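Q: Combine both chains into one complex, guided by the hints.
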Amino acid sequence: MRALLDRYRADAEAGRLAFQSCRACGANQAFLRPFCQACGSEDIDWRHAAGGGTVAAHSVLHRAPTPDYRAKVPYAIALVDLDEGVRVMTHADLDLSVGQRVALSFAPHESAEGTLHLPRVSAAE
Amino acid sequence: MTTAWIAGVGDTSFGRHEGVDTLDLMSAATRAALDDAGMTRADVDGVLTGYSTAMPHLMLASLFAEHFGLDPSYCHSMQMGGGTGCGLVMLAKLLVESGQCDTVLVAAGENRLTSTGGRDSVIQTLAQVGHATQEVPFGATIPGYYGLLASAYMAAYGITEEDLAELAVLMRTHAALHPGSHLTDPITVADVMASRPIATPLKLLDCCPISDGGVAVIVTADKTRSKGVRLAGAGQAHQHQHISAAPSLSQFGGGPAAARAFAQAGLTPKDVEVAGVYDSFTITAAILLEEIGLAERGEAAARARAGDFGPKGVLPLNTHGGLLSFGHSGVAGGMAHFVEVVRQMLGKADARQMPARPEIGFVHGDGGILSSHVSLLLTQS
Ligand SMILES: [Zn+2]
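These protein sequence lines are chains A and B, in that order. Under full-length UniProt numbering, the first sequence has 117 at position 117, and the numbering climbs by one with no breaks. Under full-length UniProt numbering, the second sequence has 291 at position 291, and the numbering climbs by one with no breaks.
Think of the hints as simulated: they come from the structure by calculation, not from any bench. If you're wondering where the values come from, they're calculated on a predicted model, not measured in any experiment. By construction, the Cβ of each residue, glycine as well, lies at the ideal position given by its N, Cα and C atoms. One or more hints might be untrue.
[To be verified] Computed footprint of chain A on chain B, listed as stretches where at least three residues anywhere in the stretch have a Cβ under 8 Å from a Cβ of chain A:
hint, stretch
1, 137-147
2, 191-200
3, 239-250
So here's chain B without its partners, still in its complex pose (with noise of 0.2 Å):
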């Protein structure tokens, strides 16, 4: 079977981009991408897209394609909330093993934090993948159905707010020394607890940031135009949609899909050397950790707190700051992972960069309330 390469990766700032839209940010960051693989557009065969609460289009793939000028033989957008991400990339693999295409691009970009409307408006558009009327209608938010999972996720392993808060700090830290990252004010354990509650026992720096941003990355077939790192397995899970159906508040998928890719993979969690996984809120990236086997059950913050998930850690975990710090832009920040893993094992992450490049790497995306999930497993060749 054919296997796929990485060939390029690139990327925009997250933030604040006044007067640039869906389309600028993911030119931007293809063109990056593109440049990082040495390639030209008419390399390009295969156009994948995730979706922008900025510019709901019906057909957002061939609407790139033409901004942009591509000429694809395979072509159309994907949604699967914050999975869309991994998810995208699990599908350029599969088209690249199974030669449908030679190189796939995957762009992802939306300006979500000054489109039209603003914050108010991405906020209550999010907060309709709640059920319509038996979680809408109580006032619920993306934050209240994440506080709720995580009151309970608490009580059963006997985590603290202060033990969230530790992702929180290691976001942060991390994101200083990324020159792209939304978020770089140092803060402390004391500064998460006492920023204003938002929805219990989640508080303002528990919640990741609304950005603007893109990021692109390429998959070809062609191992000579690639940097030597592969996809090397992939799985998906989606138990749920809503939280009020999951059918456990403590596995919600996480484990199954990696399970899913180590298993094609011919890996473990033991094996990974270093990680991105998707961390909307604290809880988010704790119970992942925890469900994917990264951390035992109710000790990934005491492992952030010893230092193992910095860049000199024995686990190095989202170095670039993940969406807590570097910046949540939809479809863009759940790949914002993928792309800092794929540095780190290039040696291109300057001044996060790992001591020695990792062999293996682990990346985990998932969309609604811990609903749709993708784990991605990188290796060098």
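Here chain A stands alone, though its shape is the one from the complex (with noise of 0.2 Å):
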């Protein structure tokens, strides 16, 4: 699991959002395993979000629950269903609401284990 934390962390450093993709039966995964949690293949492909996603949850934050986020009140988290077909949270413009086309990009944070690259959505243009 640290090697396939590893790889998700570097494509996001890079800027790219990376999901899963088995190749056996076609299912996408967004929290990283070694298999397959449709079919339990270890036949796995990794993909990146093209950027483009549609807001299936939002809520702003008013209480942190760490020092790092502490500073950061409000800020406003998102479950986001990329257009691949995936479902992630990601970090949210504050003014989103449910159903909203959104974009994605990457925000360094820097949190008591170091600095993370998380995603971001904001307003589609």
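A: Pasting the structure below:
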């Protein structure tokens, strides 16, 4: 799992949102595993999101769990349905609504475990 | 097959209990449940506990059995988040029905509010129920996860924030009639709307408090030692753990869990006369009521507004005040709904008592982010 996460984070640092796709059954998955959750196959391909998606859920947080986020309130999180058919959690602009079309980008976040490059969505042009 | 009967229930008040710990609260609730059952500790041959965030012990059930002076032939802990309380009662039912145990004690308690580190420590611990690499790093919190699913559910069914506020007002009204409640100051829909934002669309008064408290239940095979209320059905569902991985944002598992319990008991949602439904947030109760079939989709708030869920309504709901106002003390919080339904069925709900003792009671608990579901059905003999 560590190697999978390293690969995912290297892509994120390069501005690409990676997800896994099963060569055997075609299922996509956002949570990393060394196998396909749908069929169990270990024949797993990696793909990258093109950058378009739709907001499935959105919340603006006014209370943070950790010091790194206490400095950022209010900040928003979202569940985004990528056009490739994968749902992922992202950071989000504050004023988005469910069903809205969005565009993906990455922004660095200084966390206790170092710099993380996290996906973020904004209203599509 | 042997039938599982309720022999006794016990609890402490919920709120602030300075200077007591998990074992103190579990002991107090157990003592009350044994007294209620007219039993002694020697009558107990099975001991089930949940977990305590304030006392994260590897063997809480063994620890408690030793502490309280019990000598069980069957004993262990369970972890299903907020579904644990109902899950423990379901397991007690299975143990009694199978003949493995004669009398099972289910005990829960936690000084979640006054524990070392306090609320901030609890909030940080609870947030870890999110995905370690693809949710937690975004600064998500438990209210944040529920804010997400609330936004999706409200958009799908045309529910407003004022609608959700009705459920907070309802629970506070009920809690005012229970001497053990954590929060009793009356509130209005306007108060809920004016309370400070936590994780939109949820505001402070849409969220349950963090409480100290303990609850215990005794389940027995011996009908002569019961009060005539039995566990007639139980069911579970576990479709996801993380909200990002939920297969649906309107079918979370409460429906299938309840359907299994109703099928086992040979009953339907229309038969329910009193209900205890998990209400960690206003949206939690709304979704569960509607998914289980105790209200039509999008109608839970309107039903609350119409008085249907009051002690004299057609379906009294969380007459103790629920997690939202009676309080939330971890596993015990989810068991308090069960205790209240039992008390209504036994005619022991004092100022909250329904005009006629209900024949059929329903209880539902959920853990995580509407992740683990347990439904229970109680009937009079
Ligand atoms: Zn596959």
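Q: Does each hint hold? Answer for all of them.
A: Hint by hint, here is what the structure shows:
{"no.": "1", "hint": "137-147", "result": "holds (count 8)"}
{"no.": "2", "hint": "191-200", "result": "holds (count 5)"}
{"no.": "3", "hint": "239-250", "result": "holds (count 5)"}
Checked against the numbered hints given earlier, the structure satisfies every one of them.
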